[in-house]
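Turn these sequences into a full structure, and let the hints guide you.
Residue numbers (the numbering used here), protein chains in the order written: chain A, 1 to 81; chain B, 82 to 162; chain C, 163 to 392; chain D, 393 to 1132.
The hints are simulated quantities; they were obtained by calculation from the structure and are not laboratory data.
By construction, the Cβ of each residue, glycine as well, lies at the ideal position given by its N, Cα and C atoms.
Some hints here could point you the wrong way.
[Unchecked claim] Some, not all, of what chain B presents toward chain A, calculated at C-beta under 8 Å:
#1 Q113
#2 L127
#3 D128
[Said to hold, decoys possible] As a list, the in silico DMTMM-like pairs of lysine to aspartate or glutamate whose alpha-carbon atoms are at most 25 Å apart:
#4 D:K750 / D:D683
#5 D:K772 / D:E412
#6 A:K34 / D:D730
#7 B:K104 / C:D338
#8 C:K271 / B:E153
#9 A:K2 / B:E96
#10 D:K603 / B:D128
#11 C:K299 / C:D338
#12 C:K239 / C:D190
#13 B:K83 / B:D128
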Amino acid sequence: MKAHVYVTMRRGVLEPQGRAVQKSLENLGYTQVKGVRIGKFIEVELDGVSRQEAENILEEICRKLLANPVIEDFRFEIVEE
Amino acid sequence: MKAHVYVTMRRGVLEPQGRAVQKSLENLGYTQVKGVRIGKFIEVELDGVSRQEAENILEEICRKLLANPVIEDFRFEIVEE
Amino acid sequence: MKAAVCVFPGSNCDHDCYHVLKHVMGLDTEFVWHRERDLSRFDIIVVPGGFTYGDYLRTGAMAKLSPIMEGITEEAKKGKPVIGICNGFQILIEGGLLPGALIANRSLKFICSYVYLRTETSNTPFTAGIEKGRVLKIPIAHYQGNYFAHPDLLKELNDNDQVVFRYCSPEGEVTDEANPNGSLENIAGVCNRERNVVGMMPHPERCAERELGSVDGRLLFESVVNYVAG
Amino acid sequence: MREEVKITPELIREHNLTDEEYERILQILGREPTLTELGIFSVMWSEHCSYKSSKVHLKKFPTKGPYVIQGPGENAGVIDIGHGLAAVFKMESHNHPSFIEPYQGAATGVGGILRDVFTMGARPIALLDSLRFGNPSEPRTRFLVDGVVAGIAGYGNCIGIPTVGGEVYFEDCYNGNILVNVFTVGIARKERIFKGVAEGVGNPVIYVGAKTGRDGIHGATMASEEFDEESEEKRPTVQVGDPFMEKLLLEACLELMKRDVIVGIQDMGAAGLTSSSFEMAGRAGNGIELDLDRVPLREEGMTPYEIMLSESQERMLLVAKKGREDEVIEVFKKWDLDAVVVGRVTDDGYVRVRQGGKVVAELPVAPLTTDAPVYDRPWKRPADQDELQKLDLSSVPVPEDLGEVWKRLLGSLEVCDRSWIYRQYDHMIRTNTVVLPGSDSAVLRVKGTPLGLAISVDCNPRYCYLDPRLGAQIAVAESARNVAVAGAKPLAITDCLNFGNPEKPEVMWQFKEAVEGMAHACSVLETPVVSGNVSFYNETMGKGIYPTPTVAMVGVISDYLNAVTQYFKGEGHFIYLAGPDPSGEDLGGSLYLKEIHGMVRGIPPSLDLAFEKKLHKFLVEGAKRFYFSSAHDVSEGGIAVALAECCFTDEGPVCGFRVSLPWKGREDALLFGETQGRVIITVTSEREDDFLKFSEEMGIPVRKIGITGGNELHIEGLASLSLQEGYEIWKRAFREKLGL
Ligand SMILES: Nc1ncnc2c1ncn2[C@@H]1O[C@H](COP(=O)(O)OP(=O)(O)O)[C@@H](O)[C@H]1O
Ligand SMILES: [Mg+2]
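This is the structure we're talking about:
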């Protein structure tokens, strides 16, 4: 089974990478780019679990390891059974 | 306009972060997790451009900046006009 | 003889390189801001270490888009010696002047430490004065120095004698134990096909004076000065 | 509008203001404050900004000296080091934020202290960190150690300032309150020191650096509160650091400072725009007008309350000469940074804040700065202090196998190799570090001069718990000794006073005792206090930390090539012990008692400050004359541990030694007692006669105890250990014990 996890900085929390990238694009002349936020895109492969189990595991590992709940939000989706 | 860019490590590249995460998950008892690959999830906001222009810009900035073709692949989608 | 130290936003070994070139080697040395394009007045070009653009997104990714890269590329084409150290190496790789890629250390930790390097070729301006096989003691300080290349590129590098340094034991053995960051085949530095552009993760500018513990780094600067002097 | 919020008793309490304090606000204003004004009072009168509980005691510190250029009161302290140069330094805590989010908390702590130093016109050249964590076997401790170290590394390495040393202790009392204290020193031209003053009526007030977001609103008040279950809820207040932005800010500020345009400058630290504007106005006896519509914002719809209280990082406020605004803006533009005129200096002693053309806050400066509330809080010696100090050694058996004890101490977290930490720090960048981490103090050369700076941070929290006064004296003496063994003359200190809740008389007693102890030691050693920081409320659920008054000593070597390290330099060097004979009873508060007997009690080891002073002079002069091939002070673990440490570098063991200790008394006290004022020195045979003559002239007792060499750590008749085995225990312990 395959899942995709998205980890993004919480709204309101400074995301320094995106700011620097945007500035850099601006300097290159891409003034149409008004905002950039960089997060993580994590591909997870799971074996021998039901969809429900997979969801439970994903929820758990996001909380415990993949995202830092103090400053980040996460969501996930199962893309292949 | 809003777009999402996904940057993923190409097959064949040993990706130390994904490996480390998988290893820790294994140690935590999540043996069902068989593979983890960590890439980037980039949210881009664009202003005053048509869909076509946006696509051209996104293609360009992915090639020039957001992904390194030696080790990474990218794809993007426009999620909000 | 004139040397350039390229300065990008976030470069931070620029002062150290300047210090060695100017005060240790006695060269006429200038800082050059990344928005400049013309480097034709220089004989040696140094892209120093640091965290250009915070190393955000990818090391070297934003720096490679600076105007100065055009100048560096042009002078490199003329055959002038160019060296990228640490973040400078990452920039030259991103900018396509050197082959391969640099990814996170396998320990996922920043490492600041002296390491040993085996000189793999004397056939570059920066190693011309160092006999092949000689072991140098030079520090590293990086988070992303894990050299990567796809198999065919790796073969090409070996076939063309483009690997300049490999991490090794104090006795010169290239072992996994001596590999600080997981680099493929212990590669610590490479050069381009034309051999005048060299990139390396270790910092020769940090060990060019006796009081700093090692003077092995000085050999690289002496080599290039002699090379330019002919 | 939100501004018209009614001020209720709940709101007042939420802002950590007492009823009396609120009364005082009403008196000062002659009316009710607006919400923004209430917020401003709350942060300016918080413990963190006002030092209201500590001020009366801090006055006791000696702060003057022939070379002191700037004592406490500015962003950092400044001393004259000769050659037209000044060393600018300070230490600061970031304890609470680091507990909540270790990486970002520690990282922004580094960012904050760096701004304090470069704001004065100095280029930072080094960082040191002083860390305290809880029980090493708790998983949370591991997580915190990992995060804090990575955070310091992440910020310091990126901005390119080496972290050259530090200290770390683990005690259960820090389980719920870790300490993260970071020190920075910078170098400036002596005649070019900048201060945080808003001088010159009509001069523009300019905002530079990062945009303002909703970060850390309430951060300053958070640092002045005890933790409880609800603290978790306050999480979003944690700020994220941007070291790249700070690097740009640093370079831009230093570039601008070379021109003659800045009148005053201050970083926006805790309480951001509020504290910087009030403090700058206060120091100059002026006022400031601010127009919030011009403040660069990261988010939409921010209220004046939020803008004034935001703790977004990497921002500075400066006052420029009138008519030179464009120059400021131009320099910042080069570095891709915002610089915006947001107000001007006035002469009426008020800070007046406008938004949308409307005055949203109008407050007199003095009541919020110099005339803020000051408390002489009641203090009382804790009831159990006498009991704690009792140590009946007759009930402490001397272990059979002292070699085994020795090994356990070498493998303890207070002694073992700490390179797991400092390898993650770039400690070589800027190529000034002539003594790398691992020795008693870091030594940095000052380029362009023969000078070297030696720095050490120290505080043994067990000593301070058992006797805060003596413990604080020892912290000063030890830091000075660490600097002196390297060959540097100790000049001045900065400190970070970490304590529990000052509203508890027992904590206040600890504080008062520690301050008086430090003050006394500093006067005897003639090392004034030039800057510092107080962190109270390090308590969780009513349980406080050990009193931890961390000291950072800065010393100068007239020629850095003469710097001495603690490692043996080869075989056949004679080993001497300088200082008092070991007293057979000095085991109170020792590492040995804690590790082997599980006891933290007794009276800390005796200290003779007058002798210390002489000893330091001897060390500095002796180093200058090349009498010592190595010198290492005796601290945790006593002589046995100190001798072993001389044999180990983190790259490998040097050699062993054969020693015999010609004293009688309890064997454990002889080997592991921590009597102060002692140094292990090695001397080559050629220098021996001169060395002995010199020691006698200086009045320092020295005793030859053995010789270096061999593959054994050998103490005649007491204990013996193979060099390799001892080394491996020492080398591996940190990672093993923490499971890293
Ligand atoms: N948190 C830390 N960060 C950096 N270096 C550290 C840290 N803790 C210890 N060190 C280094 O390890 C060595 C030993 O530390 P310590 O035992 O505290 O020294 P001492 O007892 O002489 O004060 C010193 O060189 C010190 O700088
Ligand atoms: Mg010491």
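Here is how each hint holds up against the structure:
With 8 Å as the threshold, the beta carbon of B:Q113 comes within range of chain A, its nearest partner Cβ sitting at about 5 Å, so the hint holds. Taking 8 Å as the C-beta cut-off, the interface hint given for B:L127 holds, the closest approach to chain A being about 5 Å. With a least beta-carbon distance of about 5 Å to chain A, the hint placing B:D128 at the interface is held under the 8 Å criterion. Distance restraint check for D:K750 and D:D683: the Cα-Cα separation of roughly 9 Å lies within the 25 Å cut-off, and the hinted pair is therefore satisfied.
Restraint check for D:K772 and D:E412: the C-alpha separation of about 24 Å stays at or below 25 Å, so the hint holds. Our distance criterion of 25 Å between C-alpha atoms is met by A:K34 and D:D730, whose separation comes to about 17 Å. For the suggested pair B:K104 and C:D338, the alpha carbons sit about 20 Å apart, so the restraint of at most 25 Å is met. Between the alpha carbons of C:K271 and B:E153 the distance comes to roughly 22 Å, so the proposed pair stays at or under 25 Å and holds.
A distance of roughly 18 Å separates the Cα atoms of A:K2 and B:E96; the hinted pair therefore holds under the 25 Å criterion. Only pairs whose Cα atoms come within 25 Å are accepted, and D:K603 paired with B:D128 is accepted, the gap being roughly 21 Å. A distance of roughly 17 Å separates the Cα atoms of C:K299 and C:D338; the hinted pair therefore holds under the 25 Å criterion. As the CA atoms of C:K239 and C:D190 are separated by approximately 22 Å, the hinted pair is consistent with the 25 Å bound.
Distance restraint check for B:K83 and B:D128: the Cα-Cα separation of roughly 9 Å lies within the 25 Å cut-off, and the hinted pair is therefore satisfied.
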